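Engineer: Spelled out, the chains give:
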Amino acid sequence: MDEQSLILEAQAGNKKALAELVKKYEKTIYSFAFKICRNPDKAENTMQETFMSMVKSLKQFDGKSKLSTWLYRITANHCLMEYRKKKRDYVSIDDDDALISESSIADWSSIPSLSIENNELRKVLDEAIQKLSPEYRIVFLLRDVEGLSTEETGKITGLSIPAVKSRLHRARAFLRKEISQTFKR
Amino acid sequence: MKHKQVTCKDVMHHVCESLGEDLNSPQCVAIKAHLDECAGCQNYFKSVEATIDFYRKYNVEPSKDSHDRLMSILGLKDSE
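As they're listed, the protein sequences go chains A and B. Counting in the working numbering, the first sequence runs from 1 upward without gaps. Counting in the working numbering, the second sequence runs from 186 upward without gaps.
There may be inaccurate statements among the hints.
Said to hold, decoys possible - Calculated pairs, SDA-like style, for lysine to any residue (alpha carbon to alpha carbon, straight line, at most 20 Å): (1) B:K242 / A:L121; (2) A:K123 / B:R241; (3) A:K42 / A:S115; (4) A:K165 / B:K262; (5) B:K262 / A:K87; (6) A:K86 / A:E49; (7) B:K242 / A:V55; (8) A:K23 / B:K262; (9) A:K15 / B:Y240; (10) B:K242 / A:K56; (11) B:K242 / A:V145; (12) B:K249 / A:P40; (13) A:K27 / B:S257; (14) A:K15 / B:F230; (15) B:K231 / A:L114; (16) A:K165 / B:S251; (17) B:K249 / A:S31; (18) A:K56 / B:R241; (19) A:K85 / A:E49.
Unchecked claim - Not close to chain A: a few residues of chain B, all C-beta gaps over 10 Å, as computed: (20) L220; (21) D221; (22) E222; (23) H252; (24) L255; (25) S264.
Claimed, not checked - Estimated spans, in silico, between C-beta atoms of each pair: (26) A:S115 / B:H219: 31 to 39 Å; (27) B:P211 / A:Q60: 23 to 31 Å; (28) A:R84 / B:D207: 49 to 57 Å; (29) A:K24 / B:H219: 26 to 34 Å; (30) A:N39 / B:K249: 27 to 35 Å; (31) B:P211 / A:K24: 45 to 53 Å; (32) A:K56 / B:C226: 27 to 35 Å; (33) A:F183 / B:N209: 30 to 38 Å; (34) A:L58 / B:D263: 36 to 44 Å; (35) A:D2 / B:D263: 33 to 41 Å; (36) B:S248 / A:D2: 45 to 53 Å; (37) A:G158 / B:C226: 31 to 39 Å.
Because the hints were derived from the structure by calculation, they are not lab data. Since this is a predicted model, take the numbers as computed values, not measurements. We put the beta carbon where it would ideally sit given N, CA and C, even for glycine.
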C-alpha cells in the first residue's frame with residue numbers, strides 16, 4: 001500500500017495502517033531527534049512525543065505537505081520547547097570574521113582519514129554541535145544532514161529562505177571551525 | 186549511504202545560491218576566478234564538505250526495546 005493510502009486508512013481508524021506509518025518513520029524521527037539532543041533517552045522521549053502528536057492529529061492532516069515534513073516539524077518544535085525551558089546560553093556565532101578567520105582555514109587533507117565508527121570523532125562531533133544553539137542546529141540538520149530543501153527547511157522552522165541560508169552558512173562555519181580546532185590540538 | 190563527489194560547479198552553485206546570484210553574474214564570475222587560484226578557499230570548502238559528511242554518516246537507530254515501548258504507548262503492539 002502506498003503512503004497516501006496508508007494515511008487514508010489510518011485516518012479511518014485502521015490500526016494496522018497506522019502501525020505501518022509509525023514503523024516507516026520511526027528510524028528517521030529517532031535519528032533526527034538524537035542528532036538534535038545527542039542523548040538516547042531524550043531522543044526516545046522526543047520520538048514518543050512526536051508519534052503521540054501524530055496519532056492525535058492525523059485526522060487533521062490534509063496532505064498538502066509531505067507526512068515526513070509534518071513529522072520533522074513536530075520533532076523540531078518539541079526539541080525547541082525543551083531547550084527553551086532550560087534557557088541555556090550558547091556560543092554566539094554572529095561574528096563572521098571570527099568564524100572564518102584566515103588562521104582557522106587549515107588544510108584538512110593532511111588529517112588522516114577518520115571513520116565515523118571512531119568514538120573519538122563521534123565525541124568531537126557531539127561536543128561541537130552541542131555548543132550550537134538549537135535554532136541553528138535544527139537548520140543545519142534538516143538542510144545538510146537530512147537533505148531537505150531550503151524551502152522545506154523554511155516551512156518546518158517558520159523561517160524565511162534568506163534566514164535559513166544565513167543560519168546554515170553560520171552553522172556550517174561554526175562546526176567546521178570547532179572540528180578544525182580539535183584536530184589542531 | 187554514499188554521497189557523490191562534490192564538483193567545482195556544485196561549490197559555485199552553493200556559493201552563488203547563498204548570495205542570491207546566478208552563476209554568470211559578475212560577482213560569481215569574480216568569485217570563481219578567485220576560487221580557482223586560492224588554496225585557502227579550496228581548503229575551506231573541502232573542510233566544510235568534510236564536516237557535513239561526518240554528521241551525515243553519524244547515524245543511530247532506536248533499539249528493539251525503544252521500538253516496543255513506542256508501539257505499546259501508541260496502543261499498536263497488537264497491530265504490527
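Engineer: Taking 45 to 53 Å as the hint, is the beta-carbon distance of S248 (chain B) and D2 (chain A) inside that range?
Structural biologist: violated (29 Å)
Engineer: A range of 30 to 38 Å was offered for this pair. Does it hold for the Cβ distance of F183 (chain A) and N209 (chain B)?
Structural biologist: holds (37 Å)
Engineer: Do the alpha carbons of K249 (chain B) and P40 (chain A) lie within 20 Å of each other, as the hint requires?
Structural biologist: holds (13 Å)
Engineer: With the threshold set at 20 Å, check whether the alpha-carbon distance from K242 (chain B) to V55 (chain A) stays at or below it.
Structural biologist: Given that 20 Å is the threshold and the Cα spacing comes to 30 Å, the pair is violated.
Engineer: Can we confirm that no CB of chain A comes within 10 Å of the CB of S264 (chain B)?
Structural biologist: S264 (chain B) is in fact no farther than 10 Å from some Cβ atom of chain A, at 4 Å.
Engineer: Within a Cα-Cα threshold of 20 Å, do K42 (chain A) and S115 (chain A) meet the stated pairing?
Structural biologist: With Cα atoms ~26 Å apart, K42 (chain A) and S115 (chain A) exceed 20 Å; violated.
Engineer: Since L220 (chain B) was said not to touch the interface, does its Cβ keep a gap of more than 10 Å from each Cβ of chain A?
Structural biologist: holds (13 Å)
Engineer: Within 20 Å, alpha carbon to alpha carbon, are K123 (chain A) and R241 (chain B)?
Structural biologist: holds (15 Å)
Engineer: Within a Cα-Cα threshold of 20 Å, do K15 (chain A) and Y240 (chain B) meet the stated pairing?
Structural biologist: Not OK: K15 (chain A) and Y240 (chain B) at ~35 Å, beyond 20 Å, violated.
Engineer: For E222 (chain B), which was marked as not at the interface, is the minimum beta-carbon distance to chain A over 10 Å?
Structural biologist: Its Cβ never comes within 10 Å of chain A, the nearest being 15 Å, so this holds.
Engineer: Please settle this one: H252 (chain B) was flagged as non-interface, so is its CB more than 10 Å from every CB on chain A?
Structural biologist: Nearest chain A Cβ is 7 Å from H252 (chain B), so the label is violated.
Engineer: Does the alpha-carbon distance linking K249 (chain B) and S31 (chain A) stay inside the 20 Å limit?
Structural biologist: holds (14 Å)
Hint check: violations occur at hints 3, 4, 5, 7, 9, 10, 14, 16, 18, 23, 24, 25, 27, 28, 29, 30, 32, 34, 35, 36; the rest are consistent with the structure.
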